[in-house]
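Trainee: Here is what each chain is made of, one letter per residue.
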Amino acid sequence: MKEGFDKLKLADEKLVVLLNDGDEEAFEILYDRYAKPVFNFFYMKLNSKEKAEDFLQNLFVKLIEKGSQFDEQEVFRIWFYTLAHNQCKNEYRTLSRSRVEYTNVEDNRLVNNWESSSERIDSSIFSEHLTLALNKLNDDQKSSFLLRFKYNFSMKEISEVLECSEGTTKSRLFYALRQLAKELKEFNPY
Amino acid sequence: MQNIDKALRKLSKGEMELLTPEEKTLLVDNLESTELNDFKEIIIQLTEANDDLEPDSRLKTELLQQFNKTK
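First to last, the protein sequences are chains A and B.
Note that our numbering has the first sequence beginning at 100, numbered continuously upward.
Note that our numbering has the second sequence beginning at 11, numbered continuously upward.
Since the hints were made in silico from the structure, they are not lab data.
Each hint should be verified, as a subset may be incorrect.
Unchecked claim - No farther apart than 25 angstroms at their CA atoms in a straight line, the calculated lysine-lysine pairs in the DSS-like style are these: (1) B:Lys34 - A:Lys165; (2) A:Lys150 - A:Lys113; (3) A:Lys188 - B:Lys20; (4) A:Lys235 - B:Lys34; (5) A:Lys165 - A:Lys150; (6) A:Lys249 - A:Lys161; (7) A:Lys281 - A:Lys235; (8) A:Lys188 - A:Lys249; (9) A:Lys135 - B:Lys70; (10) A:Lys113 - B:Lys79.
So that you can see chain A by itself, here it is in the shape it has in the complex (with noise of 0.2 angstroms):
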């Protein structure tokens, strides 16, 4: 019991050490840290769940097999965010064929269930809004947004996940941000 409550204060790149030597409570609590952040960064970038949920075991699994590949002096934060970024490549090419369509059905959908409805903001719409607009940003905008507003990553460690310049990931940002505020303005309560 006390050896399970010390590894909880273990930072993630030493229980990586430890479950590459085959310690399954490290692993059991990597995943515990991981699992729901990452499962909604792929949710977020794949808009299914059923998607969100293989990529995420499919990146456990990495972890697993190549864990020993992670070197202790990098930040176990970004290398994995690093994976999940990566395996969304392929997938977001894919979806980004058929967004178009997709989005033009589902603004109809929306500006209609916005028209129908009361005065007062619904939360549940605004937040599908904002699905919409993120889904019209490309990859590597829509993981700057993301893991900069959601995931409170530095700047530079984006840069490191998306394996760019600084100065690249600060214009992403800034576009991803006006987009974003130009497609939400009708939310702007200023």
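Fit chain B to the known structure of chain A by using the hints.
Mentor: Chain B in isolation, oriented as in the chain A frame:
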């Protein structure tokens, strides 16, 4: 103003690599502008609201079984 419009045009075409250092600085300086900050707060609230989703609990069991087989 013209410079930032030029930089934004490059961004809208996805030509980020063509941005000059001056244009990047200009964009970064404007990143925290009041207008965008207002929206940022809304967006943050919304993204947090989506955090309720949980993966299927069976996934953890499956992965633990796989872990024990592999290690």
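Trainee: Compare the structure with each hint and give your call.
Mentor: Results for each hint:
Of the supplied pair hints, the one linking Lys34 (chain B) and Lys165 (chain A) is violated, its CA atoms being roughly 37 angstroms apart against a limit of 25 angstroms. Restraint check for Lys150 (chain A) and Lys113 (chain A): the C-alpha separation of about 30 angstroms exceeds 25 angstroms, so the hint is violated. Among the hinted pairs, Lys188 (chain A) with Lys20 (chain B) is consistent with the structure: their alpha-carbon atoms are about 23 angstroms apart, no more than 25 angstroms. A distance of roughly 23 angstroms separates the Cα atoms of Lys235 (chain A) and Lys34 (chain B); the hinted pair therefore holds under the 25 angstroms criterion.
The straight-line distance between the Cα atoms of Lys165 (chain A) and Lys150 (chain A) is roughly 22 angstroms, inside the 25 angstroms bound, and the hint therefore holds. A distance of roughly 24 angstroms separates the Cα atoms of Lys249 (chain A) and Lys161 (chain A); the hinted pair therefore holds under the 25 angstroms criterion. The suggested pairing of Lys281 (chain A) with Lys235 (chain A) holds, with an alpha-carbon distance near 12 angstroms, which does not exceed 25 angstroms. Under the criterion of a C-alpha separation no larger than 25 angstroms, the hint pairing Lys188 (chain A) with Lys249 (chain A) is consistent with the structure, at around 19 angstroms.
For the hint linking Lys135 (chain A) to Lys70 (chain B), the alpha-carbon distance of about 11 angstroms falls within 25 angstroms, and the restraint holds. At most 25 angstroms may separate the alpha-carbon atoms for a hinted pair to count; Lys113 (chain A) and Lys79 (chain B) meet this at roughly 22 angstroms.
Of the hints listed earlier, those the structure fails to meet are numbers 1 and 2, in rising order.
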